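S.K.: Listed here are the chains, written in short residue letters.
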Amino acid sequence: MSQVFLGMPAHSSPGVGALRGDQTFPQAARTALADPQLRRNLGHATGTIRAKRLAVVSELDDWEQLRLAGQAIKAATMARLDDHLARLEQEVTARGGTVHWARDAVEANRIITELVQATGADEVVKVKSMVTQEIGLNEALEQAGIAAWETDLAELIVQLGHDTPSHILVPAIHRNRSEIREIFLREMPGVDPDLTDEPRRLAMAARSHLRRKFLSAKVAVSGANFAVAETGTLVVVESEGNGRMCLTLPDTLITVMGIEKLVPTWTDLEVFLQLLPRSSTGERMNPYTSMWTGVSPGDGPQDFHLVLLDNGRTAVLADEVGREALHCIRCSACLNVCPVYERAGGHAYGSVYPGPIGAVLTPQLTGVEQNASLPYASTLCGACFDACPVRIDIPSILVHLRARHVEEYAAEHRLPSAESLAMGAAAWVMSSARRFGFVTRTARLGRVLGRRRGRIRSLPPPASAWTATRDVPLPPTETFREWWLRTRGES
Amino acid sequence: MRVALFVTCLADTLFPQVGQAMVALLERLGHQVDFPAAQTCCGQMHINTGYQRQALPLVEHFTETFEGYDAVVAPSGSCVGSVRHQHAAIARRHGRADLADRSHALAAKTFELSEFLVDVLGTTDVGAYFPHRVTYHPTCHSLRMLRVDDKPLRLLRAVRGMTLVELPDADQCCGFGGTFALKNADTSTAMLADKMRHVLATKAETVTAGDSSCLMHIGGGLSRLQTGVRTLHLAEILASVETLHAPAGAS
Ligand code: SF4
Chain Z
1 MSQVFLGMPA HSSPGVGALR GDQTFPQAAR TALADPQLRR NLGHATGTIR
51 AKRLAVVSEL DDWEQLRLAG QAIKAATMAR LDDHLARLEQ EVTARGGTVH
101 WARDAVEANR IITELVQATG ADEVVKVKSM VTQEIGLNEA LEQAGIAAWE
151 TDLAELIVQL GHDTPSHILV PAIHRNRSEI REIFLREMPG VDPDLTDEPR
201 RLAMAARSHL RRKFLSAKVA VSGANFAVAE TGTLVVVESE GNGRMCLTLP
251 DTLITVMGIE KLVPTWTDLE VFLQLLPRSS TGERMNPYTS MWTGVSPGDG
301 PQDFHLVLLD NGRTAVLADE VGREALHCIR CSACLNVCPV YERAGGHAYG
351 SVYPGPIGAV LTPQLTGVEQ NASLPYASTL CGACFDACPV RIDIPSILVH
401 LRARHVEEYA AEHRLPSAES LAMGAAAWVM SSARRFGFVT RTARLGRVLG
451 RRRGRIRSLP PPASAWTATR DVPLPPTETF REWWLRTRGE S
Chain G
1 MRVALFVTCL ADTLFPQVGQ AMVALLERLG HQVDFPAAQT CCGQMHINTG
51 YQRQALPLVE HFTETFEGYD AVVAPSGSCV GSVRHQHAAI ARRHGRADLA
101 DRSHALAAKT FELSEFLVDV LGTTDVGAYF PHRVTYHPTC HSLRMLRVDD
151 KPLRLLRAVR GMTLVELPDA DQCCGFGGTF ALKNADTSTA MLADKMRHVL
201 ATKAETVTAG DSSCLMHIGG GLSRLQTGVR TLHLAEILAS VETLHAPAGA
251 S
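Keeping their order, the protein sequence lines are chains Z and G. First residue of the first sequence: 1, per full-length UniProt numbering; consecutive thereafter. First residue of the second sequence: 1, per full-length UniProt numbering; consecutive thereafter.
I should point out that these hints are in silico values taken from the structure, not numbers from a laboratory. On a predicted model such as this, the values are computed, not experimentally measured, just so you know. Think of the CB as a built atom: it goes at the ideal place given N, C-alpha and C, for glycine as much as any other residue. Accuracy of the hints is not assured; some may be wrong.
Said to hold, decoys possible - Quick list of simulated restraints, FRET-style, between CB atoms:
| no. | chain 1 | residue 1 | chain 2 | residue 2 | range |
| --- | --- | --- | --- | --- | --- |
| 1 | Z | 86 | G | 122 | 54 to 64 Å |
| 2 | G | 227 | Z | 478 | 21 to 31 Å |
| 3 | Z | 211 | G | 178 | 51 to 61 Å |
| 4 | Z | 43 | G | 127 | 35 to 45 Å |
| 5 | Z | 487 | G | 203 | 29 to 39 Å |
| 6 | G | 149 | Z | 62 | 18 to 28 Å |
| 7 | G | 227 | Z | 142 | 47 to 57 Å |
| 8 | Z | 163 | G | 149 | 40 to 50 Å |
| 9 | G | 242 | Z | 72 | 29 to 39 Å |
| 10 | Z | 434 | G | 1 | 37 to 47 Å |
| 11 | Z | 457 | G | 166 | 30 to 40 Å |
Stated by the list, open to error - Computed footprint of chain Z on chain G; a stretch qualifies when at least three of its residues, placed anywhere within it, have a C-beta under 8 Å from a C-beta of chain Z:
| no. | segment |
| --- | --- |
| 12 | 38-48 |
| 13 | 138-144 |
| 14 | 150-163 |
| 15 | 167-178 |
| 16 | 182-191 |
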């Protein structure tokens with residue numbers, strides 16, 4: 001029975017796991033910006049995939065209608081998420097699967113560890129596992145003496161490099177070929193010492209390494225792109241086929257999925273299977289779409305478990321504006337078009353969910369104060385909204401979360417921040433034309449700062465953040481208001 | 001038609017020549033503009049930084065100042081974007097349904113310069129003359145909040161004497177983003193560096209856009225690097241005529 005109290009979000013606990021960095025966004029971004037190789041890798045990769053996505057999206061004349069349909073289905077699904085989840089549980093159970101409910105990362109890790117231990121296995125193969133990154137499953141399994149092998153090529157590179165993913169779809173986007181070769185030579189047991197950085201050779205090395213794992217593993221852990229409530233069917237969409245190996249070869253399959261990932265019906269799924277590959281990899285259709293429904297005697301895993309994870313999601317659902325972030329189908333299109341992501345890289349976001357969607361989802365999962373710099377990690381340029389296949393209005397959610405941050409900060413601190421004092425003063429000045437006119441006239445005093453050069457090259461903090469790299473124009477001798485009064489008189 | 005000019009707080013204070021160019025241009029086209037002296041600021045900076053409660057009086061003040069006019073025109077895609085997409089929502093969220101309705105009605109008659117010229121006045125040739133090499137940066141809010149499309153370009157293409165050159169990666173943000181430029185100064189600077197690289201690649205003498213704030217950012221960087229490339233608001237180019245070789249209002 002459900003232990004997640006949907007519809008009572010006031011009692012939901014915040015998400016825990018790999019959702020926080022130890023630095024703020026501006027601090028972490030500075031490190032990334034200082035690495036020219038990283039910036040080249042990111043600029044090249046996002047540029048290529050942006051062009052591919054645009055090309056395949058423009059092939060469909062009903063793209064906008066598809067986006068609207070995707071948005072509408074998601075909104076309707078979220079409005080009755082509790083009913084749909086109950087249906088999913090019922091259908092999975094009826095077809096021989098077992099459903100588990102996990103309130104947060106700690107509970108999910110405990111459930112999965114116990115399930116693996118019950119099989120007697122000391123290793124698992126893994127696929128499609130953003131959510132297991134979120135809960136830190138690999139680390140939890142390792143503590144219990146269970147080795148977890150990533151089988152997605154990019155995730156394998158990240159794992160062997162003792163690194164963390166920096167992109168939703170291309171977790172190793174920050175690595176180039178020669179770096180990957182180094183990692184393989186260093187970390188892959190039995191690898192050919194003459195390995196070159198030719199993509200084909202790298203793929204072959206990974207393939208023989210993974211084959212050994214597939215053939216020995218008794219347990220697999222997967223994520224899921226979708227779950228269809230009406231039949232209890234799980235769906236994984238991928239490009240390499242390694243996922244299919246994981247989903248079919250082992251005896252036991254454990255799937256862990258965020259509660260927002262379900263769609264009510266197969267007709268709904270049809271819309272998302274059109275939206276996802278084009279937005280994500282820029283392909284018309286992905287090479288492998290695997291679906292399974294409970295267990296089938298004599299075919300595939302004979303023991304199937306579905307772990308449904310909350311980890312802060314019901315708290316997101318409680319926010320009328322912010323809940324739209326749960327519509328995300330993790331296509332990564334918003335990352336690839338985001339100018340901030342392209343410069344700062346995924347690690348700057350400090351969470352497994354980077355980029356624009358991370359900037360709105362992560363602070364909601366953890367509570368805004370736990371990730372207060374993320375809603376500000378955007379210029380609000382709006383490119384993410386245009387790219388999003390389900391039309392999530394990320395800029396508006398960012399603005400909303402900034403307001404939540406300001407209000408929560410004010411409620412928790414007796415003394416206002418310097419910024420809020422300045423904003424309060426500015427609002428006071430700007431709500432009266434007389435006060436505003438007075439202040440703008442005094443701005444002219446700033447002319448002394450740049451008298452000789454005709455521009456201002458340095459200002460005290462916090463404006464020094466601007467003048468470190470940018471000049472400020474000299475205030476004019478006459479404001480517009482004064483000019484109007486002088487030449488036209490009172491209006 | 002009673003047309004009000006919302007000059008924006010930034011242009012009023014730092015770029016009065018932009019407001020003067022708006023007046024010159026609209027009067028040349030035979031329209032009277034009024035400058036309601038009570039105007040201050042649309043509140044966008046407060047809203048986008050998270051200070052919605054403080055922005056509420058600004059939204060109310062803006063609505064009171066301008067709702068009596070038939071049309072409001074402003075030299076800023078982002079301020080018009082704020083009026084059109086934020087004012088009513090913020091009033092409603094703070095329990096001011098009355099104000100929300102009034103803001104909503106006002107938003108429908110508030111226009112950015114290129115929208116006003118092309119959609120309201122129905123003109124693309126405003127009789128301007130500007131014999132220089134120019135490149136145009138479509139600011140993010142004009143592009144994605146207002147969807148001005150190619151209206152500014154249609155106006156620019158009709159300017160006599162001008163060589164209009166395409167800006168590479170034009171739709172990429174310049175990195176200004178209001179307080180983003182201060183809160184994330186390093187990332188902002190990295191974005192600006194790419195924007196400037198593209199501007200310099202066009203060999204244009206002038207960069208233009210429909211928003212003084214983005215131009216202040218791009219211009220601040222170009223000036224620091226002593227590139228000699230200048231920034232001019234779209235209004236200043238459109239106001240410029242043959243007898244007046246310098247842009248209108250430039251002193
Ligand atoms: S927010 Fe939209 S664009 Fe970004 S990953 Fe999610 S679905 Fe894709």
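S.K.: Apply the coverage criterion to the segment 167-178 of chain G and chain Z: a residue qualifies when its Cβ sits closer than 8 Å to a Cβ of the chain, and three qualifying residues are needed.
M.R.: holds (count 7)
S.K.: Taking the Cβ atom of residue 227(G) and the Cβ atom of residue 142(Z), is their distance within the range 47 to 57 Å?
M.R.: At 54 Å between Cβs, range holds.
S.K.: Kindly confirm whether 21 to 31 Å is satisfied by the beta carbon distance between residue 227(G) and residue 478(Z).
M.R.: At roughly 28 Å between Cβ atoms, residue 478(Z) and residue 227(G) fall inside 21 to 31 Å, so the hint holds.
S.K.: Is the coverage entry for the segment 182-191 of chain G by chain Z consistent with the three-residue Cβ rule at 8 Å?
M.R.: Since three or more residues must qualify, the claim that chain Z covers the segment 182-191 of chain G holds, with 10 doing so at under 8 Å.
S.K.: Does the segment 150-163 of chain G contain three or more residues whose Cβ lies closer than 8 Å to a Cβ of chain Z?
M.R.: Answer violated; 0 residues pass the 8 Å Cβ test.
S.K.: Between residue 163(Z) and residue 149(G), does the beta-carbon spacing fit 40 to 50 Å?
M.R.: holds, 43 Å
S.K.: Are there at least three residues in the segment 138-144 of chain G whose beta carbon sits under 8 Å from a beta carbon of chain Z?
M.R.: holds (count 4)
S.K.: Using the Cβ atoms, figure out if residue 86(Z) sits within 54 to 64 Å of residue 122(G).
M.R.: Given a distance of about 58 Å, which is inside 54 to 64 Å, the answer is holds.
S.K.: Could you see if the CB distance from residue 487(Z) to residue 203(G) stays within 29 to 39 Å?
M.R.: Hint holds: Cβ distance 38 Å, inside 29 to 39 Å.
S.K.: Given a hinted range of 18 to 28 Å, is it respected by the beta-carbon distance of residue 149(G) and residue 62(Z)?
M.R.: Check passed, 21 Å falls within 18 to 28 Å.
S.K.: Please count how many residues of the segment 38-48 of chain G have a CB within 8 Å of a CB from chain Z and say whether that reaches 3.
M.R.: Per the Cβ count (9), the hint holds.
S.K.: Kindly confirm whether 29 to 39 Å is satisfied by the beta carbon distance between residue 242(G) and residue 72(Z).
M.R.: Given range 29 to 39 Å: violated, Cβ gap about 54 Å.
Consistency with the previously given hints fails for numbers 9, 10 and 14, ordered from lowest to highest.
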